[in-house]
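Start from chain A and add chains B, C and D with the ligands according to the hints.
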Amino acid sequence: MHESTLLRYIAPNGEPLTALPVWCSQSDWLVEAYRHMQFARLFDQKAIALQRTGQLGTYASILGAEAIDVAVGMCMEATDILAPYYRNHACQMVRGLPARHILSYWGGDERGSAAAEMQQDFPNCIPIATQTLHACGAAFALQYRQQSRIAVAMLGDGATSKGDFAEALNVAGVWKLPVVFIINNNQWAISVPRTLQSAVSRLSDKGLAAGVPAIQVDGNDIIALRIALETAFQTAREGQGPFLIEAISYRLSDHTTADDANRYRPAEELKTAWKHEPLARLRTLLFRLQLWDEQRDTALLHDLQNQLDAEVKAYLETPAPPVTDMFDYLHAELHPALREQRDWCEVNQMPGGSHAPGGADE
Amino acid sequence: MHESTLLRYIAPNGEPLTALPVWCSQSDWLVEAYRHMQFARLFDQKAIALQRTGQLGTYASILGAEAIDVAVGMCMEATDILAPYYRNHACQMVRGLPARHILSYWGGDERGSAAAEMQQDFPNCIPIATQTLHACGAAFALQYRQQSRIAVAMLGDGATSKGDFAEALNVAGVWKLPVVFIINNNQWAISVPRTLQSAVSRLSDKGLAAGVPAIQVDGNDIIALRIALETAFQTAREGQGPFLIEAISYRLSDHTTADDANRYRPAEELKTAWKHEPLARLRTLLFRLQLWDEQRDTALLHDLQNQLDAEVKAYLETPAPPVTDMFDYLHAELHPALREQRDWCEVNQMPGGSHAPGGADE
Amino acid sequence: MNNAITLLEAVNLALNHALRNDSDVVLLGEDIGVNGGVFRATAGLQATFGEHRVLDTPLAEAMIAGLAVGMSSQGLKPVAEIQFMGFIFPAMEQLVVHAARMRNRTRGRLSCPLVVRAPYGGGIHAPEHHSESTEALFAHIPGLKVVIPSSPQRAYGLLLAAIADPDPVLILEPKRIYRSVKEPVTDDGKPLPLGRCYTLRPGRDITLVSWGAMICETLKAAETLAEEGIDAEVIDLVTLNPLDIDTLLQSVTRTGRLVVVQEAPRTCGIGAEIAASVSEHCLLSLQAPVRRVSGYDTIMPYLKLEQHYLPNTADIVQAAKQSMEAL
Amino acid sequence: MNNAITLLEAVNLALNHALRNDSDVVLLGEDIGVNGGVFRATAGLQATFGEHRVLDTPLAEAMIAGLAVGMSSQGLKPVAEIQFMGFIFPAMEQLVVHAARMRNRTRGRLSCPLVVRAPYGGGIHAPEHHSESTEALFAHIPGLKVVIPSSPQRAYGLLLAAIADPDPVLILEPKRIYRSVKEPVTDDGKPLPLGRCYTLRPGRDITLVSWGAMICETLKAAETLAEEGIDAEVIDLVTLNPLDIDTLLQSVTRTGRLVVVQEAPRTCGIGAEIAASVSEHCLLSLQAPVRRVSGYDTIMPYLKLEQHYLPNTADIVQAAKQSMEAL
Ligand SMILES: Cc1ncc(C[n+]2csc(CCOP(=O)(O)OP(=O)(O)O)c2C)c(N)n1
Ligand SMILES: Cc1ncc(C[n+]2csc(CCOP(=O)(O)OP(=O)(O)O)c2C)c(N)n1
Ligand SMILES: [Mg+2]
Ligand SMILES: [Mg+2]
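Protein chains in written order, with the numbering used here: chain A, 1 to 362; chain B, 1 to 362; chain C, 1 to 327; chain D, 1 to 327.
Calculated directly from the structure, the hints in this document are not laboratory data. Remember, it's a predicted structure, so these values are computed and weren't measured experimentally. Nothing false has been slipped in among the hints.
One side only, chain C facing chain A, incomplete, derived with CB under 7 angstroms:
#1 Ala-60
#2 Ala-62
#3 Gly-70
#4 Leu-76
#5 Val-97
#6 Asn-104
#7 Arg-105
#8 Gly-108
#9 Pro-166
Okay, the calculated beta carbon distance ranges per label pair:
#10 D:Gln-322 x C:Pro-202: 33 to 43 angstroms
#11 D:Gly-50 x B:Trp-344: 48 to 58 angstroms
#12 D:Thr-253 x C:Gly-189: 50 to 60 angstroms
#13 A:Phe-287 x B:Thr-5: 45 to 55 angstroms
#14 A:Val-347 x D:Ala-226: 24 to 34 angstroms
#15 A:Asp-309 x C:Gly-189: 51 to 61 angstroms
#16 B:Thr-195 x C:His-125: 28 to 38 angstroms
#17 D:Ala-4 x A:Phe-287: 58 to 68 angstroms
#18 C:Arg-53 x D:Gly-50: 49 to 59 angstroms
The beta-carbon is built from N, C-alpha and C at its ideal position, and this holds for glycine as well.
For reference, chain A alone in the conformation it holds in the complex:
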């Protein structure tokens, strides 16, 4: 981390490091961001609890990355296209996706990625770095149709090692695509620390290999993030080509609920990282700027908790998808060759069938 060249406005303790942009006090943008980040934090805790009690599948926590996701979500236009990876629930929620669908996805239901609110955003992408190419393809479509929309790809620090990312940066550069890549450098790729991923000291330097302008920003600092994102998005939107942002954060959670970071992560490092975390930092700043107080905070948390409870309830009450969905969305039309298998599948799940609920194997 070259702290010196890192874009940063708020110190870890919540103090402004420099004169803040006027919109900080002249708009409710910061409060809005705070609201989203708080909701993300609550959501995260709840999702982990649901997983621990067998009500959700494996889940990837967003703890520590709330500022990045919220800033991206808030700076994008509704009609822009997001190509997320699997850790961008907060961004998805800011973009209007109700939490129930996110739970649905992590609960093992494909319909979680079907919500109309996702518009043309890509669904969660699990195969590392592959989404960066989708963003380029989508960006090409926008450029081709001469729209002033942009595509935004998010990825982790580990993902920067996979060739796809280099290929995406390269084609974005040479075709001047309206796409912005945002690395959430949370210092770990499961158990592999940043230092074992690459010898380059700044991941933003990966842009240099492709002629793509890049900037490194404090990913725990919502103001710095907005500044960086505005530059990047504007560049892309105005037809000047792609941009790369490396946002430095820290994964305060396990990799997923299937992981135990204690096996590999020094306790001391985690302790230090908590001192930098984005939510407390913004909260302190808001109090300091007198944009926020305890009373409003309590009310907000109460409000958000109610919202969340309603979403969780809706999720838990959603009936399982019909088994035949696996046939019905394979192609636009069911090919006759699959008709027999579909019938078989449907019959098997009925009482007396080999896959009936409560059958021998369950």
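Using the frame of chain A, we list chains B, C and D with the ligands on its own:
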């Protein structure tokens, strides 16, 4: 091309641009290089002629890249490991591979890659950029065994766009592997010009994305090449990690004998490129330095032609490989499941068999 | 436009038609622009339709496939060329984990109406990796349609159908017969149905099924067999996934005998699926075991030995006769 | 060392043995070092053997495979882990075009004695891409051996055999039974032969062949059938390429009936090859068509539906009974 920062010692017209290293006059290295380059040129012409007369398969000409290949071949130690692509015949010959085997390879005979003279060098690699990872793997083996050998990967400008190359650079950087990557930037990837491959102005900048030191060198200048290679090889050999060299050349030929560059390459560009070509440049320099004269030149050409003729003869006289080779080298041992197919294949090629020479389908 | 044209020209004609009539169609690939493709399948198209519709890409197949996924998710209809099927492997991740799954994954919210074209197969004396037939790898992937035309008319109609198809289609073009088969093709923009076999020659005694370049040898074999009084039905499989097994079953139910002819290695090839399905459904009608004529389970050799690897007419005739004699 | 251990522990034991006894053995992969692998297959090995022998790689599967090709060409014996088989696609180019071909391409001058291990298969309620069974794609590749152990003892012996093998071997580990099957394993360093089936239960009436996790359901089905008086032979296929077809043929010649059980999609799966080969060679012995119990030709669903996708004991019993009733 940032001509300004390009490492160069000899002007295109053969004049020294600066004081030359002492070895230029105090050793016969330059004459040796000239000999190899001349042989490569002769070989190339002959190979194309053989292809045109149906005595060789599709062939990738090395015209214009002789200096790069020869410099690499001469600067490597015999025990180093070469991971070539498909355009490195000259380098292979410098490293001791008789031309007959190279012809054999391009003539469609796997035994061309079996020659003992290849030692542990990799065979020609056709799938673009994949060889850069082999070089890293081999370099790891050398590092693991604490040998002071190095691995050298060669690739084209087009190959720099493929993710494998980024992955190779990255792992070489982070593991400090004793590997050197050499880009033969001949301005074209089949019909795709350099400018459509990447927005980065210097391909050597790809090293910046991986923390790998890099240098750009005039690939038509054998002295500059040796200087660059010596630095790079020494760095790698002494355990200081990988190096990247971008050698600027020009593909004076069609992509392969299956290609017609007239379809896409401006005639003017080719004409200009010929003024930069490496062999005439070195020849002029040698004359100028009085290290060479017409008489020796004529004798050399005569000599090389004889050598080449002997190689061509040996190639043409090599009987086709036994059909059963395709079974016998699949695994170390033939699995019983393949015995029946092997027998069948052997019988079919005999007189009366379905694949007998002169059979119905031929 | 009723002059006889080659399969390659038919591909070009179909692409031209698609570009002309649908502004959502874009072509992308290595060397497909100014150069018109290494086989000239896209010759002249960039000049006609412009650089923004016929795109020379950087050299990276994962990128080509990933771009096509992204483009098609936005409703464009990208037709990507993989220069040779031997270089399709870097594209496989995108094709298998994204193109084939996007509709299912989003329950229809997004889809990937993309086409990937790749020349495949041996017999043109090309260098290593330029001669393989790995169609079976793709036919095993749910969500990916795999189509192989073996005549100019079918190449034209099937390519248009693939482009019109709302889901991803892989079209493998048998490069050995790119220029050798000619027939008149009407440039009427009419797609041919995907997902069904084409019976090229009716016959009573035995069914021969094949696809791609081997269709030529198979038809020749049928002629040879006819001379010897054996009336062979020849079926062009055309769509490898999903399989039109019904047409095959109907034929075998009539003839009682089946020979599958494939250029690819035998083990786990398409021939295995056909033999398995037919044996499963028609065991009682079968008068002889289903025979497979195929490449060997070895690596496709370089040109010196490739003719020994590729099945030929004599092999097919022989297998058919053995089938006729069996039981 | 005669306590019962899990399949996962047996893998660890074999790796430990290989690292201890052969300094050419190195392990590489994502998260295999300090973390010991996401399933803990390599737990403790980096601590014991050092960072230069148990390598945490950057995140790139093409790179992992390409490094293994390069390492093995120098005589090292790399054992690479692909974290989940769903992420093997970027490695496919290196495995197919290089690992499987290096010996043939250089006529024995270089070879690739590498091993790739990957957990595969469904049923553990994992996220997307963590549950597929795409073994057939690799079994179609000449030059690549594909092995699937289904018990701790076989996992131990086959992994050692794969490491000792002079050619590339892909070992797919059925993650659903990583921890559920236990048996005592002797840590004697003895490899088990590759390239042959293992008969787990002799039987007279019908042959059931399977591999991987489905072996458990298949054995259970055999018990259920036994209760109903049907004596089923159960064969663990183990090596998918090259196939030990002889053992299968011998069994089917005796029983006259065969059910293949696979978790993968049906079309072009291993079951197709087995059915095709057996029907080809044993048509006269077959008293019923070879039946395939398999996953559907659809995309492996997320966890809510995965139990409906995976074949179960009841499916196998049903297929076996139908086979017994046929003809
Ligand atoms: C191609 C591929 N390989 C491996 C994995 C398994 N895997 C899932 S997440 C992960 C680490 C990703 O780290 P990073 O990119 O830093 O993102 P983070 O999870 O830290 O946000 C790995 C190896 C995968 N999903 N895809
Ligand atoms: C993976 C892969 N994709 C495509 C090809 C087809 N192809 C062969 S050479 C070539 C261009 C290579 O250009 P460059 O890297 O600049 O090397 P050059 O031939 O110019 O020396 C292409 C696209 C290939 N061999 N491998
Ligand atoms: Mg990370
Ligand atoms: Mg080039």
